[in-house]
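Peer 1: Chain residues, written in single-letter form:
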Amino acid sequence: MTGSGILQGLAETAKNFVGSFTHPAENLATIEYPEQRQKLAENTRQFPFLVFDGTDPEAGLRCVACQICEKECPPQCIYIIKSKAKKPDFVGKPQFFPAVFDIDLSVCMSCQICVEVCPFDAIKMDQDFELATSDRFQGLLFHKDRLAKPNSHFQKIHPTEAGETDTRRAADLEKAQAAAAKAAAAAAASAKPVATPANSPEAKNPPPASPAAGTPPM
Amino acid sequence: MKSLETLQAELTAALACSLELVPNPAVPAQSSLRIRSDQALALAHFLRDTPDWQFDFCSNVTGIDWPDRTEKIKVKRLVDGVEKEVEETRTVPGFLEVVYHLYSIARQDGPLILRQRTANRDTDTTVTSLTPVWRSCEFQEREVFDLFGVRFDGHPDLRRILMWDGFVDFPMRKDYVEPDDYEYEPTPHDEVLERAQRHYPAGEAAA
Amino acid sequence: MSYPGAPAISFQPRYAPDGTEQDGELLEVSLGPQHPSTHGVFRMDATLDGEKVVRLKPVFGYLHRNHEKIAEGASYLAAMPYTDRLDYFCSLTSNWAYALTVEKLAGLAVPERAEYLRVITAELTRIQNHACVCGFLLQDMGALGTPLMYAFRERERVLDLFESLTGARMMCNYLRFGGCRCDAPAGWLDAVRGVVAEFPRFLDEFEALLSNNEILLARTQGIGAVSAAQAINGGLTGPLLRAAGINYDLRKVDRYGIYDRFEFRIPLGEHGDVFDRYMIRVLEIRESLKILEQALKTIPDGPIIDPKAKLRGFRPKAGEAYGRLESPKGELGFYLISDGGPNPYRYRIRPPSFINLTLLEDMCLGRPLADVVVILGSIDIVMGEVDR
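Residue numbers (my numbering), protein chains in the order written: chain F, 87 to 304; chain R, 2 to 208; chain A, 673 to 1060.
You may find that some hints are simply not true.
[As the list claims (entries may be wrong)] Okay, derived cross-link-like pairs now, DSBU-like style, lysine-lysine, Cα gap no bigger than 30 Å in a straight line:
no.	chain 1	residue 1	chain 2	residue 2
1	F	125	A	982
2	A	989	F	157
3	F	261	A	741
4	A	989	R	175
5	F	179	A	982
6	F	157	A	969
7	F	261	A	982
8	R	85	F	157
Hints listed in this document are in silico derivations from the structure and should not be mistaken for laboratory results.
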């Protein structure tokens, strides 16, 4: 019968219309943003941020300004200037740090390649998407101070990944401390021969570990 | 699929044409045949219509730019009356290449890769259009014309396709120079910095 | 032009070569680039004789950004996120096509689990793309809003899956050469099972909504038909080619990945018209759901990336490779030439929706202008891929 197909379709629409009142959980696909918010998936990514340990974003910043992310970034939105001085990293090894670290969010395409290539777990993806600003240049150019976020933030948004990272870093630290202790012991052992006559070869060419005694190894 | 050598022999016998086998070290199954432009049309008809081959589907057409390059060769020369081996650099003239990837839907076979070369990169950049044989080449050959500057003899509607009509250069060539389209960016660095410096000759950059 | 099945209609200009005026006034209409039916910035220069189209030339390039040139200046890895932006409805199949070609070029193997994840994500991509295309096509025919919103509601469920797997809803950037970027998070496969189990309900609803609708039938049957010979010669691929009755699906022909392990059928049309294309997409969703069910049953545990694959400093040896796969729009191919350097010497994309437009004029000739909109909707184009 002509028109039966149309009526069939109208019945389907009516079913959905009524269903949105009687069974909203199954039939309503939308929520009232911003009053209601969806929980974001753990893997959700928006723009990168820099992780720092502890409470001081300058001292705890994990980034060592190796500039790998700057080179690999497909749209070239990262801009790094390496520091002249060095500061100790989490295992105590002196490292450079970024004097300037800028990300231009208007250029960034949220591809996560910087995160993948970073060997220091220093850059991760944030989930903040409400970044609207009236200044499209300076307002979207994030400097180091705005990019740096504590490890606790990383823990909060990506618990699985942050847990893995922290375990690995704790292991690294332990290894470094063990090596330091060993070096210190070696230094203590080599400190004895210092008492031997000054013309002995050990005194002229001290083993490389001994100057490092007391300070963490390189 | 029968081997390329078989095809080369059959084609040479059937059409008396000269073909050059271009080996592909990475994927040997995708080696290609280089064909001469003046024989391309007859060859394409043969490949499409011969029941043994039936390459009825031309999947992909694209251009490649091979600019002039220099290579070092050893030649024998008379130096002070003695024959010596001397290293010389010579320029290998560049050319443009058009690559066709053919498949046979009827026999579920392929790919067969054909290549055509232009004589050089500036004065004689004509090859034969295969659009009369495979209609699917129409837009793709136009694209190769637009981006590489290869002219297709026998194409029904050879116009620019992705760039606009008044555009002059060919963007996909290796020596293409971008026009000065610098736009302000808050952190000029690397390429952006170079563009900015070109855009604002000395002094004005601060402004 | 002499190709099989060339249209008999020829362009009759208003003025004959000798200057005499012929009867019939022709009108040139520029459809687009900002026209709701063009799905982006696409223009068609149509010449009309009354209501009938006598000439129709597509105009491209409004979204051209020379993706190929960008990729030739970037590393192999850096081109991967750009492939997301080709066909932004199907970023995972674009990723796969590129990864497939690079793997061919560099001789990388893909671990079992990664292959399964690829199939699962690709088929999810296909169902959400086809659902939306049907919605858009119906919208082009005047079924404003409702079918498209139903399709988008289902697409949201698939995009939620993509988000929890890859981190992004559309620009997934998920595949790597030799595998996938990360493993599926806990519970993800169960979530996919849930979506797959729910999807047929939507299809039934969608088909009840419109598939028997008399207006839909009148507007699609016999419209924009192409013959089988014409379709092959014109390079049509994907659902358009199969609507013309050609059994050519690269999942069966090339058997790339692990598609030879799954049982599924290839829906074929008879007439090559808009209705067949619509129905084939609906049927393909059902076949994709079958593949998904099988893949979800048999997915093994294991590594997800080839240990030989390098993320940084990736330099395949010199040579070239052409890889192609069945994207939801048709045959998506990548042609790469390596000179041994860190970036491809030549990087070419064979975009299915661009080449599927070759026969647009032939499909539209002799039809009223209103049908052009429907025919274009049935081709399924995404301008990010057409203009690159």
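Peer 1: Does the structure break any of the earlier hints, and which numbers would those be?
Peer 2: When the structure is compared with the hints, numbers 1, 3, 6, 8 turn out to be violated.
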